[in-house]
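Peer 1: For this one, chain D is given, so just place chain G on it according to the hints.
Protein chains in written order, with the numbering used here: chain D, 1 to 374; chain G, 1001 to 1374.
Heads up, some of the hints might be wrong.
Unchecked claim - Here's a subset of chain G near chain D, in silico, CB distances under 8 Å, partners left out:
{"id": "1", "residue": "Val1081"}
{"id": "2", "residue": "Val1085"}
{"id": "3", "residue": "Arg1110"}
{"id": "4", "residue": "Phe1113"}
{"id": "5", "residue": "Arg1114"}
{"id": "6", "residue": "Leu1115"}
{"id": "7", "residue": "Asn1116"}
{"id": "8", "residue": "Asp1274"}
{"id": "9", "residue": "Ile1278"}
{"id": "10", "residue": "Leu1279"}
{"id": "11", "residue": "Ser1307"}
Stated by the list, open to error - Each computed SDA-like pair below joins lysine to any residue, with the alpha-carbon atoms no more than 25 Å apart:
{"id": "12", "chain 1": "D", "residue 1": "Lys7", "chain 2": "G", "residue 2": "Leu1312"}
{"id": "13", "chain 1": "G", "residue 1": "Lys1007", "chain 2": "D", "residue 2": "Asp274"}
{"id": "14", "chain 1": "D", "residue 1": "Lys12", "chain 2": "G", "residue 2": "Asp1274"}
{"id": "15", "chain 1": "G", "residue 1": "Lys1105", "chain 2": "D", "residue 2": "Asp303"}
{"id": "16", "chain 1": "G", "residue 1": "Lys1088", "chain 2": "D", "residue 2": "Ala304"}
{"id": "17", "chain 1": "G", "residue 1": "Lys1088", "chain 2": "D", "residue 2": "Val242"}
{"id": "18", "chain 1": "G", "residue 1": "Lys1105", "chain 2": "D", "residue 2": "Ala311"}
{"id": "19", "chain 1": "D", "residue 1": "Lys227", "chain 2": "D", "residue 2": "Val309"}
{"id": "20", "chain 1": "D", "residue 1": "Lys88", "chain 2": "G", "residue 2": "Val1332"}
{"id": "21", "chain 1": "G", "residue 1": "Lys1105", "chain 2": "D", "residue 2": "Thr299"}
{"id": "22", "chain 1": "D", "residue 1": "Lys88", "chain 2": "G", "residue 2": "Thr1036"}
{"id": "23", "chain 1": "G", "residue 1": "Lys1012", "chain 2": "G", "residue 2": "Ala1120"}
{"id": "24", "chain 1": "D", "residue 1": "Lys88", "chain 2": "G", "residue 2": "Lys1105"}
{"id": "25", "chain 1": "D", "residue 1": "Lys12", "chain 2": "G", "residue 2": "Ser1277"}
{"id": "26", "chain 1": "D", "residue 1": "Lys88", "chain 2": "G", "residue 2": "Thr1314"}
{"id": "27", "chain 1": "G", "residue 1": "Lys1088", "chain 2": "D", "residue 2": "Val309"}
{"id": "28", "chain 1": "G", "residue 1": "Lys1007", "chain 2": "D", "residue 2": "Asp333"}
{"id": "29", "chain 1": "G", "residue 1": "Lys1024", "chain 2": "D", "residue 2": "Ala304"}
{"id": "30", "chain 1": "G", "residue 1": "Lys1336", "chain 2": "G", "residue 2": "Ser1290"}
{"id": "31", "chain 1": "D", "residue 1": "Lys88", "chain 2": "G", "residue 2": "Glu1297"}
{"id": "32", "chain 1": "D", "residue 1": "Lys7", "chain 2": "G", "residue 2": "Lys1196"}
{"id": "33", "chain 1": "G", "residue 1": "Lys1088", "chain 2": "D", "residue 2": "Ala311"}
{"id": "34", "chain 1": "G", "residue 1": "Lys1007", "chain 2": "D", "residue 2": "Val242"}
{"id": "35", "chain 1": "G", "residue 1": "Lys1227", "chain 2": "G", "residue 2": "Thr1036"}
{"id": "36", "chain 1": "G", "residue 1": "Lys1088", "chain 2": "D", "residue 2": "Ser290"}
{"id": "37", "chain 1": "D", "residue 1": "Lys227", "chain 2": "D", "residue 2": "Val242"}
{"id": "38", "chain 1": "G", "residue 1": "Lys1088", "chain 2": "D", "residue 2": "Asp333"}
{"id": "39", "chain 1": "D", "residue 1": "Lys7", "chain 2": "G", "residue 2": "Lys1024"}
{"id": "40", "chain 1": "G", "residue 1": "Lys1007", "chain 2": "D", "residue 2": "Thr299"}
Because the hints were derived from the structure by calculation, they are not lab data.
For every residue, glycine included, the Cβ atom is placed at its ideal position computed from N, Cα and C.
Residue-level listing of the chains:
Number of protein chains: 2
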Amino acid sequence: MRFTIDKEQFLKALTYAGHAIAPKNPYAMLANFKITLSEKGLEVLGSNSEITIRSIVPYMLKDREVIRQGIPGSILINARVLSEVVRKMEGGELSLDVIDNAIAKVDDGRSSFRLNCANAEEYPDIDLEPDGVTFDMPCAAMAGLVEQSAFAASTKEQRPILTALNLEAADGILTATATDSARLARKTVAIESEVKFRVNIPARVAIDVSKLFEGASTVEITVSEKKGVLFRFGQTVVSTRVIPGDYPQTKSIIPQTFNYVLDVNARELLNAMDRVSILSSDKESVVRLSMTEDRVELTVRSDANGSAVEALQTFQFTGERLDVSFNSAFVVDAVKALKSEDVSVCFLAEMKPFVVKNKQDDSVVELITPMRTY
Amino acid sequence: MRFTIDKEQFLKALTYAGHAIAPKNPYAMLANFKITLSEKGLEVLGSNSEITIRSIVPYMLKDREVIRQGIPGSILINARVLSEVVRKMEGGELSLDVIDNAIAKVDDGRSSFRLNCANAEEYPDIDLEPDGVTFDMPCAAMAGLVEQSAFAASTKEQRPILTALNLEAADGILTATATDSARLARKTVAIESEVKFRVNIPARVAIDVSKLFEGASTVEITVSEKKGVLFRFGQTVVSTRVIPGDYPQTKSIIPQTFNYVLDVNARELLNAMDRVSILSSDKESVVRLSMTEDRVELTVRSDANGSAVEALQTFQFTGERLDVSFNSAFVVDAVKALKSEDVSVCFLAEMKPFVVKNKQDDSVVELITPMRTY
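Chain D on its own, in the form it takes in the complex (with noise of 0.2 Å):
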């Protein structure tokens, strides 16, 4: 196997590969990567337990020579250290070059480099062709849909099903659904497909795979409870791991007609809460809001560090008194999330959960349960 390639375009393909190379990973085989050159071009492949990445360079780039001389083959190169030769190497082209499937020569006229490398057969067998649903959609609904649930999903593998992104698609419909218990984001986006599904995948393997779409326009989505998801955008296929189990009812938690309504500016809410959040532990941020038509409040109680109040400018409130108590960070995440000037929470008792909205956007739903304090 050999190759000469032009260096930026064998860089982006080992940079969204390595997107799926965990720094630890307990099968050693995975800290590399697999590079294959074929009829199709050169094929970058890196995976984890959770996902894999399958990025490829083409031989023709519009008229231009990405790839030449090249001669079939398949290898495994640690990924870290090919990447960061690629990296930094100087030269615009450079050469792989395979000796006795042991040493895989890399060099720019300038700097060589002799690296270690193993049989392609020591890796393991990945499937990445497509099997079960399909549907493609625009890449930046699909980016848009991740950024404004996935982040409400669990971080803890207590109960493993939390920390999946929900996706369900019917009648034209894909919604995205994450909760970790004590608060939840969903968010809906209308799809030109009749597929139906249901499953559940890592949240945080979503976010990742949202940020890889940059430049792609479309993306085809192919899902099968077997086989796990299958995104494919541009030169890049990924393939994630389902998470098993039934995801949790939650259509009936959401609160539809509220007896307290907040109108806010979301900046100054956000400033205020940074700000009393200071006198918080490390731990958890608790503030409580304290609502009447004339003054609203936020304020944070410490033993070690005292107290801290702040009373908002701006605002509309409709509804008796109302005190209610929250981990502010979700508060933080459900009005980021939203992306609007402003944003209304809405509140059923003081003990119930409670939503941040946008009215002129029903398509996200964020619901936070208060916390009993003081």
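Peer 2: What follows is chain G alone, placed relative to chain D:
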């Protein structure tokens, strides 16, 4: 005690004094700032076992009133909390009121913090009055002196004297020396004073202090073997402890004549070292430099990763063939400290300490001990 103060000026003083606040301090009182309002202005004092910093906000700055409605007094307030509160407040002016020596009310009309505080008498006595030989010099010259020498000090506490920056003044010359016993850096600068002293201060403190000079043009330095070294500049006074013990005699170990000289472009050498070091193990990157009149090569070998060879493009080498191995970080630090486009690496023999220097500037010397390899 109370005062109303310009937010930016208060924050600047808190930020300066905050450089002396250690993240974890065995003596709990030193997690606080000592804040004192007197006829001199508002004094913010921070301290740890190595360094004390006092910064003063004056009542008037040019023709502008910076502090008003002041009632003198002194109090201790948690440094991290007070800095964060003042940094995040939105008003241009804020007031601080001490209630019953127990609560400091910090208010800008919008946010209101009640911070726990402690009696000023619980703070240790710290003497910042100048006492010893005194001279002054431009801040830029002092910062340059530190930058080109202090990095070579040891960061390990086994031999405390090697963590010092040694400062010696005699005959109108100030010399700074740092060594961790495997490398040494020395810088000299002329001063307009006939003071004579030898003193050792913590090298990392010297680096911190030299970064605080911004804006100030002259620093007044007072050296006392007993009370430490005092740096006075702008509205700030910094006192550092002295490291006791005799500094190693280093003058005689710097060779003056050489059998081999390699002239190279600093940028090209740094880039090449950066590339070949990719293959090194995490701890220490050993690079071998092989020189003849026709070819200069850097080589790294790693059992785990393979090997790298890099040929320099621009160089001039005088002498017989020579191979020298060294810790690449030492050469990188030395080349960077020279701040010169071209550098000369001068050798006596394969296993003798070698010198990295700038032919146009003999005020800096960087000495490095080679390593045995292969």
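Peer 1: Compare the structure with each hint and give your call.
Peer 2: The hints, checked one at a time:
no., hint, verdict
1, Val1081, "holds (5 Å)"
2, Val1085, "holds (6 Å)"
3, Arg1110, "holds (7 Å)"
4, Phe1113, "holds (5 Å)"
5, Arg1114, "holds (5 Å)"
6, Leu1115, "holds (4 Å)"
7, Asn1116, "holds (5 Å)"
8, Asp1274, "holds (6 Å)"
9, Ile1278, "holds (4 Å)"
10, Leu1279, "holds (7 Å)"
11, Ser1307, "holds (5 Å)"
12, D/Lys7 <-> G/Leu1312, "holds (21 Å)"
13, G/Lys1007 <-> D/Asp274, "holds (18 Å)"
14, D/Lys12 <-> G/Asp1274, "holds (21 Å)"
15, G/Lys1105 <-> D/Asp303, "holds (16 Å)"
16, G/Lys1088 <-> D/Ala304, "holds (20 Å)"
17, G/Lys1088 <-> D/Val242, "violated (43 Å)"
18, G/Lys1105 <-> D/Ala311, "holds (16 Å)"
19, D/Lys227 <-> D/Val309, "violated (53 Å)"
20, D/Lys88 <-> G/Val1332, "holds (16 Å)"
21, G/Lys1105 <-> D/Thr299, "holds (15 Å)"
22, D/Lys88 <-> G/Thr1036, "violated (53 Å)"
23, G/Lys1012 <-> G/Ala1120, "holds (22 Å)"
24, D/Lys88 <-> G/Lys1105, "violated (54 Å)"
25, D/Lys12 <-> G/Ser1277, "holds (22 Å)"
26, D/Lys88 <-> G/Thr1314, "holds (19 Å)"
27, G/Lys1088 <-> D/Val309, "holds (14 Å)"
28, G/Lys1007 <-> D/Asp333, "violated (29 Å)"
29, G/Lys1024 <-> D/Ala304, "holds (16 Å)"
30, G/Lys1336 <-> G/Ser1290, "holds (21 Å)"
31, D/Lys88 <-> G/Glu1297, "holds (17 Å)"
32, D/Lys7 <-> G/Lys1196, "violated (58 Å)"
33, G/Lys1088 <-> D/Ala311, "holds (15 Å)"
34, G/Lys1007 <-> D/Val242, "violated (53 Å)"
35, G/Lys1227 <-> G/Thr1036, "holds (23 Å)"
36, G/Lys1088 <-> D/Ser290, "holds (22 Å)"
37, D/Lys227 <-> D/Val242, "holds (8 Å)"
38, G/Lys1088 <-> D/Asp333, "holds (19 Å)"
39, D/Lys7 <-> G/Lys1024, "violated (47 Å)"
40, G/Lys1007 <-> D/Thr299, "holds (22 Å)"
Consistency with the previously given hints fails for numbers 17, 19, 22, 24, 28, 32, 34, 39, ordered from lowest to highest.
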